[in-house]
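Asks: Below, each chain spelled out in residue letters.
Number of protein chains: 2
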Amino acid sequence: MQLLEDRIRRDGKVAPGNVLRVDGFINHQMDMELLDKLAAEFQRLFADAGVDKVLTIEASGIAIAALVAQRFRVPLVFAKKSKTSNIPDTVYSCPVKSYTHGNVNTVMVSREFLHAGERVLLIDDFLAHGEALAGLINVVDQAGGTVVGAGILIEKAFQDGGKNIRAQGYRVESLARVQSMDADTGSVEFAAD
Amino acid sequence: MQLLEDRIRRDGKVAPGNVLRVDGFINHQMDMELLDKLAAEFQRLFADAGVDKVLTIEASGIAIAALVAQRFRVPLVFAKKSKTSNIPDTVYSCPVKSYTHGNVNTVMVSREFLHAGERVLLIDDFLAHGEALAGLINVVDQAGGTVVGAGILIEKAFQDGGKNIRAQGYRVESLARVQSMDADTGSVEFAAD
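Going line by line, the protein sequences match chains P and F.
Going letter by letter, the first sequence gives residues 0 to 192 in numbering that gives the first Met the number 0.
Going letter by letter, the second sequence gives residues 0 to 192 in numbering that gives the first Met the number 0.
Chain P extracted, bound-state conformation (with noise of 0.2 Å):
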C-alpha cells in the first residue's frame, strides 16, 4: 500500500540489525488518521471473509485492531502474553518464542472469548519470523474456530514467517513487505507486491 511505504520511507528508521523503527506513528505513538485508512483498507481486503471476531496480540497490535473490529463491527480479542509457565485451565495458550527479546512467552485466550464456528480475522503490527501469528492460529485451532486471514500493517519479507504461514494456506494481507533495510543509507526497499 502506497501510503503506508511512502510514509515507512519518510518517518522509519533503519538502526543495525534489521530493526525497522516506526515508533512514531505504529508502534508507541500512533498517527490515527494513518491507522484509521490502513483499517479501511483490511475492511476492504477483508470484506467478503465473513468476519465474526478480530484477534491480535498485546500490546502494540491493540490500536489498529482496534479500528478494524469497530470497522467490521465485530468484538477485539487481545490474547495476554504471559512469562509464566503456570497456565490455568481456563484459556487456550501457546508458548511462543520471541526473536526480539530471546525468550519464549506464552499467549493466552480465555476459552469464553474464542468458540467453535467463529470466523477470526487476525491483525498484528508486525510479521517476520511468524511465532506471534502462529501462536494465534494455534489457539483459533484449539477453540474450533476459523483463521480467515490475517491483517499485517509491515511484513519482513525477507524473514519467513510470511511464507511458512500462507504455505500452510492461510490468506496473509501485509499492507507493506520490506524487502531489504540499509542502516547505512537508512534505505528501505519493498517487495514488489
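The set of hints was computed from the structure by calculation and includes no laboratory data.
This one's a predicted model, so the numbers in the text were calculated from it and none came from an experiment.
Please note that the accuracy of each hint is not assured.
One copy or any two copies: either way a pair holds, since identical chains are not told apart in the list.
Unchecked claim - With a straight-line cut-off of 25 Å between C-alpha atoms, the simulated BS3-like cross-links for lysine-lysine are:
no., residue 1, residue 2
1, K96, K162
2, K79, K12
3, K36, K12
4, K96, K80
5, K96, K82
6, K96, K79
Could you slot chain F onto chain P? The hints should help.
Replies: Only chain F this time, still in chain P's reference frame:
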C-alpha cells in the same frame, strides 16, 4: 454514565477481594460498539480542553484510548511497562506499584513523544489506587506538558486513587464509579456522584 453502569450490572462479575471482572466487554474481549459510545462521551466531556495528545498505558487501555484519540484527531501514545530497572535515558520513566500483581513496574514514554507545552488527555480502563494514573501524570510533568484531565471507564470509588488525584487539582472523569461490590450476591452499587 447509565449505559456503562447497566452493562456492568448485567455482564460484570464480582469476585472475592473487590475484584470486578469486565473481561467480556472491556479488557480482554472488547465490545467495540460500547467502547465507541464511551469514547464519544469522553469527547463530549473534554471537548473544550484543547487536547493535543492522548496518553494511556499498556495494554487494556489502548483500545478505548485509540477510539478517543481518533475522535479528537490527535496522536495516541501508550506508555510501556517494564519490570527492568535498567531504564534508558531516552525515556521519561516513573516507578509504579501494582496492587494487583504485588510488584513494581516502571512506566516509560520515549522523550520523542511527549513535549513541553502539550496538552495531554490521559485515558485508562480502571482507576483504583491510582498508581498507574499518577505515573502517567509524572511523565507528562517531566516533559513539561499539561495534563488536561483523565478519562476513566471504571473507578473503584471506595479506593483512594480518584480522591487523591482530584485533591491534587486534576480533573478526573469516570464513566462508572463503583461504590461497593458483593461477591456473594454479585451485586454492584454505583456512587450517585
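Asks: Taking the hints in turn, state whether each one holds.
Replies: Results for each hint:
no.: 1; hint: K96 - K162; verdict: within (18 Å within a copy, 42 Å between copies)
no.: 2; hint: K79 - K12; verdict: between (28 Å within a copy, 20 Å between copies)
no.: 3; hint: K36 - K12; verdict: within (22 Å within a copy, 36 Å between copies)
no.: 4; hint: K96 - K80; verdict: both (11 Å within a copy, 20 Å between copies)
no.: 5; hint: K96 - K82; verdict: both (11 Å within a copy, 19 Å between copies)
no.: 6; hint: K96 - K79; verdict: both (14 Å within a copy, 20 Å between copies)
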